[in-house]
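Trainee: The listed protein sequences correspond, in order, to chains A and B.
In our numbering, each number is its position in the first sequence, counted from 1, plus 233.
In our numbering, each number is its position in the second sequence, counted from 1, plus 233.
Each computed SDA-like pair below joins lysine to any residue, with the alpha-carbon atoms no more than 25 Å apart:
(1) A:K461 <-> A:S495
(2) A:K373 <-> B:E602
(3) A:K461 <-> B:T577
Honestly, the hints are just simulated from the structure, not real lab data.
2 protein chains.
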Amino acid sequence: MSASFFTSRWVDVPDSVTEVPGAPLPDGFRAGAAAAGIKPSGGLDVGLLVSDSDQTTSAARFTRSGAAAPPVIVSRDRCRLDALRAVAVNSGNANAATGRQGLDEAARMQGSGAMMARTSEDRVAVCSTGVIGVQLDGTKTVRGLLEAGKALSADGADAFQQAIQTTDRFEKRATIDVELPGGTVRIAAQCKGAGMIQPSHATMLCFVTTDAVVPAETADLLLGVCVKRSFDRATVDGQLSTNDTCILLCGGASGVVVEPQSQAELIFGQALDALLRQLAIAMCRDGEGARRVGRVTVRGGHGPNVERVARAIGNSPLVKTALYGGDPNWGRIAQAIGMALPDTAPLPYDITIEDVPVCIGGNAVSHDEDDLVRRVAREEVEYAIALPGDGFETEVFFSDLGHEYITVNAEYTT
Amino acid sequence: MSASFFTSRWVDVPDSVTEVPGAPLPDGFRAGAAAAGIKPSGGLDVGLLVSDSDQTTSAARFTRSGAAAPPVIVSRDRCRLDALRAVAVNSGNANAATGRQGLDEAARMQGSGAMMARTSEDRVAVCSTGVIGVQLDGTKTVRGLLEAGKALSADGADAFQQAIQTTDRFEKRATIDVELPGGTVRIAAQCKGAGMIQPSHATMLCFVTTDAVVPAETADLLLGVCVKRSFDRATVDGQLSTNDTCILLCGGASGVVVEPQSQAELIFGQALDALLRQLAIAMCRDGEGARRVGRVTVRGGHGPNVERVARAIGNSPLVKTALYGGDPNWGRIAQAIGMALPDTAPLPYDITIEDVPVCIGGNAVSHDEDDLVRRVAREEVEYAIALPGDGFETEVFFSDLGHEYITVNAEYTT
Numbered sequence: 234m235s236a237s238f239f240t241s242r243w244v245d246v247p248d249s250v251t252e253v254p255g256a257p258l259p260d261g262f263r264a265g266a267a268a269a270g271i272k273p274s275g276g277l278d279v280g281l282l283v284s285d286s287d288q289t290t291s292a293a294r295f296t297r298s299g300a301a302a303p304p305v306i307v308s309r310d311r312c313r314l315d316a317l318r319a320v321a322v323n324s325g326n327a328n329a330a331t332g333r334q335g336l337d338e339a340a341r342m343q344g345s346g347a348m349m350a351r352t353s354e355d356r357v358a359v360c361s362t363g364v365i366g367v368q369l370d371g372t373k374t375v376r377g378l379l380e381a382g383k384a385l386s387a388d389g390a391d392a393f394q395q396a397i398q399t400t401d402r403f404e405k406r407a408t409i410d411v412e413l414p415g416g417t418v419r420i421a422a423q424c425k426g427a428g429m430i431q432p433s434h435a436t437m438l439c440f441v442t443t444d445a446v447v448p449a450e451t452a453d454l455l456l457g458v459c460v461k462r463s464f465d466r467a468t469v470d471g472q473l474s475t476n477d478t479c480i481l482l483c484g485g486a487s488g489v490v491v492e493p494q495s496q497a498e499l500i501f502g503q504a505l506d507a508l509l510r511q512l513a514i515a516m517c518r519d520g521e522g523a524r525r526v527g528r529v530t531v532r533g534g535h536g537p538n539v540e541r542v543a544r545a546i547g548n549s550p551l552v553k554t555a556l557y558g559g560d561p562n563w564g565r566i567a568q569a570i571g572m573a574l575p576d577t578a579p580l581p582y583d584i585t586i587e588d589v590p591v592c593i594g595g596n597a598v599s600h601d602e603d604d605l606v607r608r609v610a611r612e613e614v615e616y617a618i619a620l621p622g623d624g625f626e627t628e629v630f631f632s633d634l635g636h637e638y639i640t641v642n643a644e645y646t647t
Numbered sequence: 234m235s236a237s238f239f240t241s242r243w244v245d246v247p248d249s250v251t252e253v254p255g256a257p258l259p260d261g262f263r264a265g266a267a268a269a270g271i272k273p274s275g276g277l278d279v280g281l282l283v284s285d286s287d288q289t290t291s292a293a294r295f296t297r298s299g300a301a302a303p304p305v306i307v308s309r310d311r312c313r314l315d316a317l318r319a320v321a322v323n324s325g326n327a328n329a330a331t332g333r334q335g336l337d338e339a340a341r342m343q344g345s346g347a348m349m350a351r352t353s354e355d356r357v358a359v360c361s362t363g364v365i366g367v368q369l370d371g372t373k374t375v376r377g378l379l380e381a382g383k384a385l386s387a388d389g390a391d392a393f394q395q396a397i398q399t400t401d402r403f404e405k406r407a408t409i410d411v412e413l414p415g416g417t418v419r420i421a422a423q424c425k426g427a428g429m430i431q432p433s434h435a436t437m438l439c440f441v442t443t444d445a446v447v448p449a450e451t452a453d454l455l456l457g458v459c460v461k462r463s464f465d466r467a468t469v470d471g472q473l474s475t476n477d478t479c480i481l482l483c484g485g486a487s488g489v490v491v492e493p494q495s496q497a498e499l500i501f502g503q504a505l506d507a508l509l510r511q512l513a514i515a516m517c518r519d520g521e522g523a524r525r526v527g528r529v530t531v532r533g534g535h536g537p538n539v540e541r542v543a544r545a546i547g548n549s550p551l552v553k554t555a556l557y558g559g560d561p562n563w564g565r566i567a568q569a570i571g572m573a574l575p576d577t578a579p580l581p582y583d584i585t586i587e588d589v590p591v592c593i594g595g596n597a598v599s600h601d602e603d604d605l606v607r608r609v610a611r612e613e614v615e616y617a618i619a620l621p622g623d624g625f626e627t628e629v630f631f632s633d634l635g636h637e638y639i640t641v642n643a644e645y646t647t
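If we strip away everything but chain A, and leave its shape as in the complex, we get (with noise of 0.2 Å):
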């Protein structure tokens, strides 16, 4: 298998999956996208996503956010959710905050996705990515989606994930070929997101294509465990965003059938569970100018505790700041720890950082420093928590917090 994807020590990869080198979309759909002037930099910013196959089928995760954008809400409450074919996208402007005109906007993207996909415009979901309380140009969009739905192609990965990306540093995408029962089949994702990034459901723009024969509630089903297990495990700065989208198309073309409770729905799973799981952390990873990928593990005896406590370190801008500078500052962590859990003190926690215990009951321990600093220089480094009790357990992927943060975000809109 081809290493070029996979590089995260906290995913495990089937052997049942072998990644696709250009990551290609899986057969049966099509991509395109356009420069539609929404970018200031003038690069492709409107993107169109089609599944041939009417038989398609799909699931969706979005933002909880209160201030949830007009495509989020158009996406969610004028769509067929488990049978959606097309995903029209513009990135450089969020249409978030933009109210009773932004929710036309989003409707006339739709408008213009189904149009150009040859659908019904409730299997149309719309996303929009970039900067939240500027009215989105619906002439620009509209154009755009007739430019690339002209350009819709099977090679069009490529121009769609440019399409969608706004401060990514890299490409976030990859295509792996599944070996089931039945047959081989191919998943695709492409993601973006970098930045105000701290998933609740979704996170993020994620499309996930298939060309397995999904049932929608299976669909359903894979997409909410893996979601859960990744982009919701996933925090660069602790900002839920008004636009995250997480969608899977399941076309259909290979043939090949993910019965619900079968070998094969168990293996599909796991691979898109290693496929998101490694996205997540490419985002932590590409965390507006991030060095550096924590995870921190918290075990103990009470689930909203050891929950409160993996944020509460991984959303530390102390501790990730320490994790920038290769600093094995583990105080912060301590600190982190006691303030997730008010009013508990002398609270005893156990804190190891990469395999050497630092502290133990609430006490530091002696421990050879050189060889922690060592270890905490390196590209993803793990920090796991102890709590009283026993039972539950959480993880937390998380960017590091570093100059580029500040260059990025002192200077986005001006």
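Chain A is already provided as a structure; the job is to place chain B on it using the hints.
Mentor: Only chain B this time, still in chain A's reference frame:
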């Protein structure tokens, strides 16, 4: 009145208040400091603050952290918090995550402080600030406290201030005279704190001394209210510390009594409120490299939601980097509101920045962008949020997030 301390437009300074140049201690107090070799710099790092009167009353607030440091636990559990007479402090080491040995070291500091202050141990609070997870060298603190005790002087406030500081860029302290109906009293406050700051009860270290005669219950009431309106409303990085402590010592040398529910109590309270609010804002201004301070006020019909939104905005790295960059990117404020109130979309919220409405009912409204850019380039920037309903209002003061924060925090222990 001198303008040297009260610089913020967000602090109402009562007419009864006059700033005292040089920020001396009130009558009846002495302070001393020593360089005990705890700070690598070799600077002053141990301090002792003593009230001469055996009748001294007091009040205190501590961090709620589940990882509260041994000095906090010793002060909280082994002191007469209504009758403290002295505070023994060290900087350079937080004596946190240090377990039983840390408790022993905190108790030794308490004992040494009591000896030098000539009072009982349960009337001496202990405080530590600095790096977490390193055992405190008791030989150094004891020697330092003996030396600080010998140096005790009515003029000791300067040295004491230096001894309590860590990454602070400037001194945060002031002394005011307050005209009460029965005569003039003096209040001094000495404060340290720049990072790891999101108070819950108290924050950072703050020592308030006054020569007023204040019944302990009144002292507790006033300190509680004023801390809630000042340090509890400030955030640098959203990080509750392991060591936050705020102590009020009332020595009584002026003979002027602050009776419960009297006019004197009201005026004294207003003065203390102004003092602590300005200190809280100064702490944000000193927020590890901060360039600007923001204030967000949130109004609405649901108390917890109002609080959630204010914290989400004040702690958003995206809002904070925009503040740093002088960027009126209010879309990030919309995002933070939506994140704080999941599953409420479409939520009608209003955003006003420096009196310029930019978003009404969740929809962008046109405004003079150049004018807004000029307004957000000032040292203090005000954001006003309106949520549906009425009856609740809160505020949060917050630092921006810039390159200096990264520099300071990526290179702190190493």
